[in-house]
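Number of protein chains: 2
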Amino acid sequence: MEIFWTEDVSDGLCRLGEEESAHCVRVLRHRNGDNVCIIDGHGTMYECELVSDSPKAAEAKIISTHPGWGSHGYNLTMAVCPTKNIDRFEWFIEKATEFGVDCICPVIGDHSERKVVKMERLKKILLSAAKQSLKSAIPQIQEPVSVNAFVRESAGVDSLKLIACCFDDLAPRHSIKEVLGTYSGTSVTILIGPEGDFSKEEVKAAMEAGYIPVQIGNSRLRTETAALGSVAVVYYNYM
Amino acid sequence: MEIFWTEDVSDGLCRLGEEESAHCVRVLRHRNGDNVCIIDGHGTMYECELVSDSPKAAEAKIISTHPGWGSHGYNLTMAVCPTKNIDRFEWFIEKATEFGVDCICPVIGDHSERKVVKMERLKKILLSAAKQSLKSAIPQIQEPVSVNAFVRESAGVDSLKLIACCFDDLAPRHSIKEVLGTYSGTSVTILIGPEGDFSKEEVKAAMEAGYIPVQIGNSRLRTETAALGSVAVVYYNYM
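Chains A and B, in that order, give the protein sequences. Here the numbering used here is used: the first residue of the first sequence is 2, the next is one more, and so on. Here the numbering used here is used: the first residue of the second sequence is 2, the next is one more, and so on.
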């Protein structure tokens, strides 16, 4: 099943942008009368019939509307320090989308080597992964902020807040399994540090903002593996 | 911590091969008297002192022996159809090693587009991932066989045997979470199909050999994501 995307939905019509129109009409050769599936990126899928097969501005008439199509039973925010090798971070956001994630926040830690990301490229990967894994909501991605800024902004948010760090100096870490197992809500926020881990100051500030320090099993995981492992664990927990 | 690997261990000495010697002596500039950690790839790590810093045949005296170093509390065999784009399969075996996997069997299904893999390249990735994630056992990798041959060979093995397929035609699939949750043993074998899924005949033969059809949640996952998700779920289950 091929999925198209547009945010331009009104009066019973979905209007595709230039790129999606070209893909639909020029590449996949859809013509008026063909049935197509279109997501709005915010949680709704429309089954449509193509009524204008222009390769620059295709239009499709909505036949049926499917809110919550491909949704999951939790709300997950992943605040992850982008890896030095950006391929690994890009891989993470693709795979996280397949499992199910709601918001990705690139955060820059005291020990981060990478401080910039290409937002347009990341958005393209998220759109492509959402379409490929049959989800109508594309994960949101936020502009990078520092770990401390993210922690401050999320302090008042009603969510199970976890920080995965590799040391027990400030407080003994809990197992992520144990913490998730005793949580009855559905909103989870997880902070994952860079290759050089969080600084003690960052973990201290996070704990003061309500973050629980956790460990993700006994293996030494790379940043992107710890991040994806956390997503898989949340996905499994709410399965 | 930098880890080296050799299978040549006897008389209180670890003898590194040419490639590992060059890495130890030429690249990392270790000299006689330096402490080094060496794994045998079969589950033991040796803390050693370098006694011959030859860049072609380094030798190190064993100071202490750590059997089971970096091991996990389960035995997991992943029989996975290699992906058309081999990068995705290589990515899977790297990440699976980080979480913890014991044996990887590339299997060729009726609908597999890729029928060959480069074993030497896969072995290098496994060695590198095991060293990076501080494990003394390198996952075994077997020569590719057909799905049907793998199923026949594993029929008599005492293990929880699961096949992840995308259809319920032959029997309603169980949730992998439910099946793992009611299993009290520690040996798990999971079969993951190719992009085009298993054929009905393959699933039927697997079920006759004791495999339970499972689904890995509601998301549509790519082959390598389903495979890694299964590894993460087993890792989490025994956490």
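One should not assume that every hint holds.
Copies of the same chain are indistinguishable here, so a pair counts whether it falls within one copy or spans any two.
Keeping only pairs whose Cα atoms sit at most 25 angstroms apart, straight-line, the calculated SDA-like set for lysine to any residue is [stated by the list, open to error]:
| no. | residue 1 | residue 2 |
| --- | --- | --- |
| 1 | Lys85 | Glu196 |
| 2 | Lys124 | Asp88 |
| 3 | Lys124 | Met2 |
| 4 | Lys205 | Pro173 |
| 5 | Lys85 | Gly197 |
| 6 | Lys201 | Ser134 |
| 7 | Lys85 | Gly13 |
| 8 | Lys124 | Arg89 |
| 9 | Lys85 | Glu95 |
Worth flagging that the hints you see were computed from the coordinates, not collected in a lab.
How would you label the pair lysine 85, glycine 197 (within, between, both, or neither) given a Cα cut-off of 25 angstroms? The answer is within: 10 angstroms in one copy meets 25 angstroms, while 34 angstroms across copies does not.
Is it within, between, both or neither when you check lysine 205 against proline 173 at 25 angstroms Cα-Cα? within (13 angstroms within a copy, 48 angstroms between copies)
Measure nothing new, just compare the shortest in-copy and cross-copy C-alpha distances for lysine 85 and glutamate 196 to 25 angstroms and report within, between, both or neither. within (8 angstroms within a copy, 31 angstroms between copies)
Up to 25 angstroms between alpha-carbons, please classify lysine 124 paired with methionine 2: within, between, both or neither. For lysine 124 and methionine 2, the Cα distance is within 25 angstroms only inside one copy (21 angstroms; across copies 36 angstroms).
Checking an output row: lysine 85 and glutamate 95, CA cutoff 25 angstroms. Within, between, both or neither? So lysine 85 and glutamate 95 pass the 25 angstroms test inside a copy (17 angstroms) and across (18 angstroms) alike.
Using 25 angstroms as the alpha carbon limit, work out where lysine 201 and serine 134 are close: within a copy, between copies, both or neither. between (38 angstroms within a copy, 23 angstroms between copies)
How would you label the pair lysine 124, arginine 89 (within, between, both, or neither) given a Cα cut-off of 25 angstroms? both (15 angstroms within a copy, 21 angstroms between copies)
Is it within a copy, between copies, both, or neither that the alpha carbon of lysine 85 lies no farther than 25 angstroms from that of glycine 13? neither (45 angstroms within a copy, 40 angstroms between copies)
For the identical chains here, do lysine 124 and aspartate 88 meet the 25 angstroms Cα criterion within one copy, between copies, both, or neither? Cα proximity of lysine 124 and aspartate 88: in one copy and across copies (14 angstroms, 22 angstroms).
Violation of the numbered hints given earlier is confined to hint 7; every other hint is satisfied by the structure.
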